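Protein chains in written order, with the working numbering: chain B, 1 to 178; chain V, 1 to 178.
No lab work stands behind these hints, which were simulated from the structure alone.
Everything numeric in this text was worked out from a predicted model, so none of it was measured.
No residue lacks a Cβ here, since even glycine has one placed at the ideal position from N, Cα and C.
Some hints could be false.
[Unchecked claim] Stretch-level coverage of chain V by chain B, calculated; a stretch enters the list once three of its residues show a Cβ under 8 Å from a Cβ in chain B:
# : segment
1 : 13–20
2 : 99–111
3 : 153–164
Okay, here's what each chain looks like letter by letter:
2 protein chains.
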Amino acid sequence: MDEKTVERKYVHKGRIINLRVDKVLLPNGREALREIVEHPGAVAVVPVLPDGRIVLVRQFRKPVEEALLEIPAGKLEKGENAETCAMRELKEETGFRAGKLEKILRFFPSPGFSDECIHLFKATELQKGEKNTEHDELIETVFLSASEIVKLIEEGKIKDGKTIIGTFYLLSTLPPSS
Amino acid sequence: MDEKTVERKYVHKGRIINLRVDKVLLPNGREALREIVEHPGAVAVVPVLPDGRIVLVRQFRKPVEEALLEIPAGKLEKGENAETCAMRELKEETGFRAGKLEKILRFFPSPGFSDECIHLFKATELQKGEKNTEHDELIETVFLSASEIVKLIEEGKIKDGKTIIGTFYLLSTLPPSS
Chain B
1 MDEKTVERKY VHKGRIINLR VDKVLLPNGR EALREIVEHP GAVAVVPVLP
51 DGRIVLVRQF RKPVEEALLE IPAGKLEKGE NAETCAMREL KEETGFRAGK
101 LEKILRFFPS PGFSDECIHL FKATELQKGE KNTEHDELIE TVFLSASEIV
151 KLIEEGKIKD GKTIIGTFYL LSTLPPSS
Chain V
1 MDEKTVERKY VHKGRIINLR VDKVLLPNGR EALREIVEHP GAVAVVPVLP
51 DGRIVLVRQF RKPVEEALLE IPAGKLEKGE NAETCAMREL KEETGFRAGK
101 LEKILRFFPS PGFSDECIHL FKATELQKGE KNTEHDELIE TVFLSASEIV
151 KLIEEGKIKD GKTIIGTFYL LSTLPPSS
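Put together the whole structure using the sequences plus the hints.
As structure tokens, then:
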């Protein structure tokens with residue numbers, strides 16, 4: 001079960017993503033075209049305060065033309081490992097430093113057309129410092145409990161996939177009493 | 001909090017996705033470039049059998065160069081509504097017809113670079129019929145309980161975002177006894 005590349009053509013090599021079209025040979029002998037977005041990969045962090053609240057960020061997302069409430073996240077820099085990136089993005093977007101960072105899981109948000117892989121972490125022992133947003137980022141910090149987030153997911157007010165995964169995962173690992 | 005489009009340039013209009021680069025004006029007066037993948041949108045279905053097992057499909061995903069275990073899913077055809085698409089993809093990929101289809105939620109898997117929206121459904125009252133896969137799809141059907149799926153997610157063997165969201169959502173809505 002695989003698809004051998006017969007021909008590969010780049011249509012865009014961009015600042016963040018590349019787009020290529022692969023002609024592939026299917027196991028049944030036919031050929032097909034695959035449009036593929038190459039992405040550097042990303043991290044997302046569920047930052048949990050001592051009182052159990054989660055630190056979220058609200059920022060405008062041009063592709064969907066609205067401001068979304070999300071867990072802090074960002075793209076991997078060239079050669080950067082996921083832990084370093086997670087610490088950096090958390091600090092830049094929220095000002096918090098994490099005393100403890102735990103891997104949760106890795107997943108593909110859109111494997112039908114992109115190779116993007118998101119590395120998901122849980123951050124605890126948070127200490128507040130200064131935000132350091134890039135010049136083109138305008139980000140608001142929001143604090144919500146996991147159950148408040150679940151309510152917003154069910155109401156359709158939180159629509160970001162990685163935020164839904166991070167919240168459900170956190171809740172699934174909490175002891176039943178909490 | 002928004003980003004006005006100053007200039008828009010299409011670099012690719014493809015079979016499934018388009019890629020454009022928008023020059024935007026930020027609220028702070030600066031300009032920035034946004035690479036945006038336009039996607040027609042998709043559906044994903046959590047098909048639940050009377051015994052509680054979930055119907056999954058395994059298929060090769062060229063962007064990530066591996067076969068992934070996922071819930072049935074597919075792209076919206078032009079003008080197609082999400083319910084019709086969900087029924088069609090479920091039938092094509094697994095052979096099952098759903099007597100009952102419930103909306104779960106809608107989410108953006110990758111709002112940082114794509115407008116893709118996934119409409120997630122739960123399908124029950126399933127009746128087996130014939131699969132009708134497209135010529136370039138080679139799809140294997142797999143039946144697993146929700147707890148088996150969670151184990152595979154935790155082991156890093158299920159890596160598809162929509163499958164993780166669908167499974168966690170299903171579990172979060174089950175009565176505590178099940």
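| query | Which numbered hints does this structure break? | reply | none
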